[in-house]
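Order-wise, the sequence lines are chains A and B. The first sequence begins at 71 in my numbering and counts up one residue at a time. The second sequence begins at 2 in my numbering and counts up one residue at a time.
Keep in mind the hints are simulated off the structure, nothing from the lab. Where is the CB? At the ideal position from N, CA and C, for every residue including glycine. There could be a bad hint or two in this list.
Stretches of chain B that chain A covers, calculated by requiring three or more beta carbons in the stretch to come under 8 Å of a beta carbon on chain A [what the hints assert, rightly or not]:
| hint | stretch |
| --- | --- |
| 1 | 343–355 |
| 2 | 361–367 |
| 3 | 482–496 |
Restraint-style ranges between C-beta atoms, simulated for each label pair [what the hints assert, rightly or not]:
| hint | chain 1 | residue 1 | chain 2 | residue 2 | range |
| --- | --- | --- | --- | --- | --- |
| 4 | B | Lys-78 | A | Ala-418 | 34 to 40 Å |
| 5 | B | Ala-457 | A | Ala-418 | 39 to 45 Å |
| 6 | A | Met-232 | B | Arg-335 | 29 to 35 Å |
| 7 | A | Tyr-186 | B | Arg-335 | 56 to 62 Å |
| 8 | A | His-94 | B | Ala-457 | 32 to 38 Å |
To give a feel for the contact side, a few chain A residues facing chain B, derived at Cβ under 10 Å [to be verified]:
| hint | residue |
| --- | --- |
| 9 | Ala-116 |
| 10 | Gly-118 |
| 11 | Arg-270 |
| 12 | Thr-274 |
| 13 | Lys-302 |
| 14 | Ile-305 |
| 15 | Asn-309 |
| 16 | Ala-313 |
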Amino acid sequence: MSSETGSATQGQMPLKKPGSAIAHRLVLTIGPILIALILGGLILLALGVDPIKYYGYVIQRGLLSPTGIQQTLTRMAPLLFLAAGLIVAFRAGVWNLGADGQFLLAAVIAAASAPYLADFMPSWLAVIIAFVLSTAIAVIWSLVPALLRAYQGVNEIITTLMMTFLGVSLANVLVKLVFLDPSTTVPQTRTLPVADRLPRLFDTTISSGLIFGLIAIVAVHLMMTRTAFGLKLRIVGANTRAAVHSGLSVPHLTVAVFALSAGLCGMAGAIDILGVQGNVRADWNPAYGLTVIPMVFLARFNGFASIAFVLLLSVLSIGGESAARRLGVPTVFTLLLVAIVLIVLAIAEYIDHRHNQAAKA
Amino acid sequence: MVPPSASNQAEQPAIISLEGVTKRFPGVIANDSVNLEIRPGEVHVLLGENGAGKSTLIGMLSGLQQPDAGRILIDGKPTPILSPRHALSLGIGTVFQHAMLVPGLTVAENLLLGEPWWRLPKKEALREKVTALADSLGVRIDLDAVASQLSLGEQQFVEILRALLRDSRVLILDESTSMLTPSGVEELGALMRRLVERGLAIVFITHKLREAAAFGDRISVLKLGRKVSEISPERFRSVGEDELIGEIVEAMFGKQHDDPDAANRNPNIFPVETPAILSVDNLTLAPSATTPGLAGISFELRPGELLGIAGIDGNGQKQLAEVLAGQEKAQSGRILLENQPIEMLSVGERRDLGLRYLTDDRLGEGTVGTFAVSVNFLLKQIDHPPFWKKGIEQSGLIERHAVRLMSEYDVRAPGSQTPVGRLSGGNIQKVLLARELAGGAKVVIFNKPTYGLDLANTLAIRQRILDIAAEGKGVLLISTDLEELLGICDRIAVMDAGKLTGIVDNSPTARTDVGRLMIGLAA
Numbered sequence: 071m072s073s074e075t076g077s078a079t080q081g082q083m084p085l086k087k088p089g090s091a092i093a094h095r096l097v098l099t100i101g102p103i104l105i106a107l108i109l110g111g112l113i114l115l116a117l118g119v120d121p122i123k124y125y126g127y128v129i130q131r132g133l134l135s136p137t138g139i140q141q142t143l144t145r146m147a148p149l150l151f152l153a154a155g156l157i158v159a160f161r162a163g164v165w166n167l168g169a170d171g172q173f174l175l176a177a178v179i180a181a182a183s184a185p186y187l188a189d190f191m192p193s194w195l196a197v198i199i200a201f202v203l204s205t206a207i208a209v210i211w212s213l214v215p216a217l218l219r220a221y222q223g224v225n226e227i228i229t230t231l232m233m234t235f236l237g238v239s240l241a242n243v244l245v246k247l248v249f250l251d252p253s254t255t256v257p258q259t260r261t262l263p264v265a266d267r268l269p270r271l272f273d274t275t276i277s278s279g280l281i282f283g284l285i286a287i288v289a290v291h292l293m294m295t296r297t298a299f300g301l302k303l304r305i306v307g308a309n310t311r312a313a314v315h316s317g318l319s320v321p322h323l324t325v326a327v328f329a330l331s332a333g334l335c336g337m338a339g340a341i342d343i344l345g346v347q348g349n350v351r352a353d354w355n356p357a358y359g360l361t362v363i364p365m366v367f368l369a370r371f372n373g374f375a376s377i378a379f380v381l382l383l384s385v386l387s388i389g390g391e392s393a394a395r396r397l398g399v400p401t402v403f404t405l406l407l408v409a410i411v412l413i414v415l416a417i418a419e420y421i422d423h424r425h426n427q428a429a430k431a
Numbered sequence: 002m003v004p005p006s007a008s009n010q011a012e013q014p015a016i017i018s019l020e021g022v023t024k025r026f027p028g029v030i031a032n033d034s035v036n037l038e039i040r041p042g043e044v045h046v047l048l049g050e051n052g053a054g055k056s057t058l059i060g061m062l063s064g065l066q067q068p069d070a071g072r073i074l075i076d077g078k079p080t081p082i083l084s085p086r087h088a089l090s091l092g093i094g095t096v097f098q099h100a101m102l103v104p105g106l107t108v109a110e111n112l113l114l115g116e117p118w119w120r121l122p123k124k125e126a127l128r129e130k131v132t133a134l135a136d137s138l139g140v141r142i143d144l145d146a147v148a149s150q151l152s153l154g155e156q157q158f159v160e161i162l163r164a165l166l167r168d169s170r171v172l173i174l175d176e177s178t179s180m181l182t183p184s185g186v187e188e189l190g191a192l193m194r195r196l197v198e199r200g201l202a203i204v205f206i207t208h209k210l211r212e213a214a215a216f217g218d219r220i221s222v223l224k225l226g227r228k229v230s231e232i233s234p235e236r237f238r239s240v241g242e243d244e245l246i247g248e249i250v251e252a253m254f255g256k257q258h259d260d261p262d263a264a265n266r267n268p269n270i271f272p273v274e275t276p277a278i279l280s281v282d283n284l285t286l287a288p289s290a291t292t293p294g295l296a297g298i299s300f301e302l303r304p305g306e307l308l309g310i311a312g313i314d315g316n317g318q319k320q321l322a323e324v325l326a327g328q329e330k331a332q333s334g335r336i337l338l339e340n341q342p343i344e345m346l347s348v349g350e351r352r353d354l355g356l357r358y359l360t361d362d363r364l365g366e367g368t369v370g371t372f373a374v375s376v377n378f379l380l381k382q383i384d385h386p387p388f389w390k391k392g393i394e395q396s397g398l399i400e401r402h403a404v405r406l407m408s409e410y411d412v413r414a415p416g417s418q419t420p421v422g423r424l425s426g427g428n429i430q431k432v433l434l435a436r437e438l439a440g441g442a443k444v445v446i447f448n449k450p451t452y453g454l455d456l457a458n459t460l461a462i463r464q465r466i467l468d469i470a471a472e473g474k475g476v477l478l479i480s481t482d483l484e485e486l487l488g489i490c491d492r493i494a495v496m497d498a499g500k501l502t503g504i505v506d507n508s509p510t511a512r513t514d515v516g517r518l519m520i521g522l523a524a
């Protein structure tokens, strides 16, 4: 049939080769990062700090030194879970900005239940039950924005943000009033003994949470791209009216997205406590959720790319903490770098878009 | 403002003349060499269905768009209208369909918007001007009222006032009556009359025949981008309203000599005793703020029958299609597919039983524009074997399915992985056709299937619809194009304000019968 050969030949000559498309994407991603590092360097110069020395420290402490790289990889575990939770939500068009509240509540529940459970059951079972329990709490915490969005159309950006403030405060209240460890003067929960925590990898200090985090983000990526369920979520995210037209139950899927997303954010909190921290101190809020959001955007909601960006964030923050002590640069400089990367990336994206439009015309 | 002149019987020179104005959009000619004269002291009605090219014409008059060919003369001089601001400075004021007032500001503040930023707002001068103007028009307006608290009719008056305050000589009212209550419509009509008596020229856009006949001095009928008829003020005065409406109906729905698709189908007559494949009984849906709902819709569709649903757009056709497809729940009534009640079933269950719906909103709800063609083919079969096994995508099968359908339905695209949104309208429609006709279709609902398509695709889609009916499937064809319905249907039902006002056989008198039903007269 003539039309068949027609479409077949057309299929063989797409506008761009896939290889060059990937190269294009890489340039568009790595270029802005390099430019941002240079701009960050100029700021350091203005502060009177040698940028080469600073970046050298960051790479040395965050990536090259044995303790540094182990800390970096350990830090990645909760960040990977958070990235996985955000990818599920963002790909389905649900802007869950409540990751920190979900993270912290789960962390507190994990810190409160694990030492208690470990008193009368094997520690591996206590860790598993604490993990499940804290995940469930995070899911329950997301129910309010989920139901409001699914059945009343209330904007989840606002509700999740408000719930995150409530969640952080509630977590604090729980630490100070309910789960306070009576045996110390510091306001904090009971501490899970190091021996009862998640095992470390081989002879290192890297928490096995890293493995779980990697599994979580790869599983989420495959779910979103390869399964019918993931496709349904993506349709809801891309065109809600098409989802209704196709007979998908948008409210049910929306609640499912919230549950998955919040659950994964809760797992991040649990894994951080059960693997690394062992307890939650009052007023502890690392705000990982808000820091991971830009990384997920930079990765364009791609799970594998997110792993790379989470690694970058870990190196920057571990190395940055260390360099801050040596060179007197505030630790928030890491966040500043991330912000500059985002701005430069947006500008690059805009120029690329204009360029494409011009090429088409 | 032009000095008030008693309504002149003699024709005054036109303020605006359009000469052979043509505007093309990709795949569509929105305006095809339109000639038009807008004279002071006249309400010039632009009448036409959705898609007739009224909005494009207004867009060019108000400076939003530029014509591709032809020219616009203002006071006899060729003058390109470059921007909305330029149009205002030329004395052309436009009141758009949806109110353009800032809801939180008062009437006075709204009227003062658009002044140069360095000037202090002159509230007192405004108050004097507005009071004088409103008094002379016999309308009261509270300048301190907040815009959002005014009725739609009052908001519209504020917009008209704004245009008058800027010394407009031409006032364009774009579908201004569509949001008004009947009494609001009457008031607007009276206001227009007083304005033209002051020497203003009014361009009044509507698709409602009665308003055109009641308020107009001159009527231009647009159809598919062409001006097909003009009724002059003399003619207006010399014939009665019914005769006038008859003339307009003939112009709007009558046969064009050069219509490409004028071939009539010999309709099949189905004996009454043939069992219906789809029967709909007393379907009702409450009206919403923007839709007319459904009121007691009943009809029967027989295997192989092509039943057309005619009517002006927005009279409940889309609601009917959505209720039948299951996207919207009817309040009461029954839907029987092959004698099985399906009104309680979901979209997917109805689809599995063979009821298929081709939406008119191809990119809005029919497809996910950023997804590959291959995925869009299966949008309504997600998680169905063999394309998904235990929830896991079988990309090879999906790919082969897409390639097969693309060749079978002649979908022209760079490849099956191309985002469907990059395809032309005709090819997107073929994707929808392929999806809805696949595997076990029994009754197919088409909603405006050829809307916005070029001629070749239009003819191909119509042939496809005829083929489906010939295979013994039931076809419900919703269309605002009467020619299309007369060309291929067996029977034609007419919808008006959510009701089926009548069903006629596609006999030689069907054209007039349907035309009369469409404007609310008995067939």
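Structure-based check of each hint:
1. Interface restraint, the stretch 343–355 of chain B with chain A: holds (4 residues with C-beta to C-beta distance below 8 Å; minimum three).
2. Counting residues of the stretch 361–367 of chain B whose CB lies closer than 8 Å to any CB of chain A gives 4, which reaches the minimum of 3, so the coverage claim holds.
3. With 0 residues bearing a CB less than 8 Å from a CB of chain A, the stretch 482–496 of chain B misses the requirement of three and the coverage assertion fails.
4. The hinted range of 34 to 40 Å is not satisfied by Lys-78 of chain B and Ala-418 of chain A, whose Cβ atoms lie roughly 48 Å apart.
5. Checked against the given bound of 39 to 45 Å, the beta carbons of Ala-457 of chain B and Ala-418 of chain A, roughly 42 Å apart, stay inside it.
6. The hinted range of 29 to 35 Å is not satisfied by Met-232 of chain A and Arg-335 of chain B, whose Cβ atoms lie roughly 46 Å apart.
7. Distance hint check: the CB atoms of Tyr-186 of chain A and Arg-335 of chain B are about 60 Å apart, consistent with the given range 56 to 62 Å.
8. Our hint of 32 to 38 Å for His-94 of chain A and Ala-457 of chain B holds, since their Cβ atoms are close to 36 Å apart.
9. For Ala-116 of chain A, the interface hint is violated, the least distance from its beta-carbon to any beta-carbon of chain B being 37 Å, above 10 Å.
10. Because the closest C-beta pair between Gly-118 of chain A and chain B is about 44 Å apart, greater than 10 Å, the hint is violated.
11. Of the supplied interface hints, the one on Arg-270 of chain A is violated, with its beta-carbon coming no nearer than about 34 Å to a beta-carbon of chain B, more than 10 Å.
12. Restraint check, Thr-274 of chain A versus chain B: the minimum CB separation of about 35 Å is more than 10 Å; hint violated.
13. At a threshold of 10 Å, the smallest CB-CB gap from Lys-302 of chain A to chain B is about 6 Å, leaving the interface hint in force.
14. This hint holds: Ile-305 of chain A has a C-beta 6 Å from the nearest C-beta of chain B, less than the 10 Å allowed.
15. With 10 Å as the threshold, the beta carbon of Asn-309 of chain A comes within range of chain B, its nearest partner Cβ sitting at about 5 Å, so the hint holds.
16. Using the Cβ-Cβ criterion of 10 Å, the hint placing Ala-313 of chain A at the interface with chain B is satisfied: the shortest such distance is roughly 9 Å.
Comparing the model with each numbered hint stated earlier shows that hints 3, 4, 6, 9, 10, 11, 12 do not hold.
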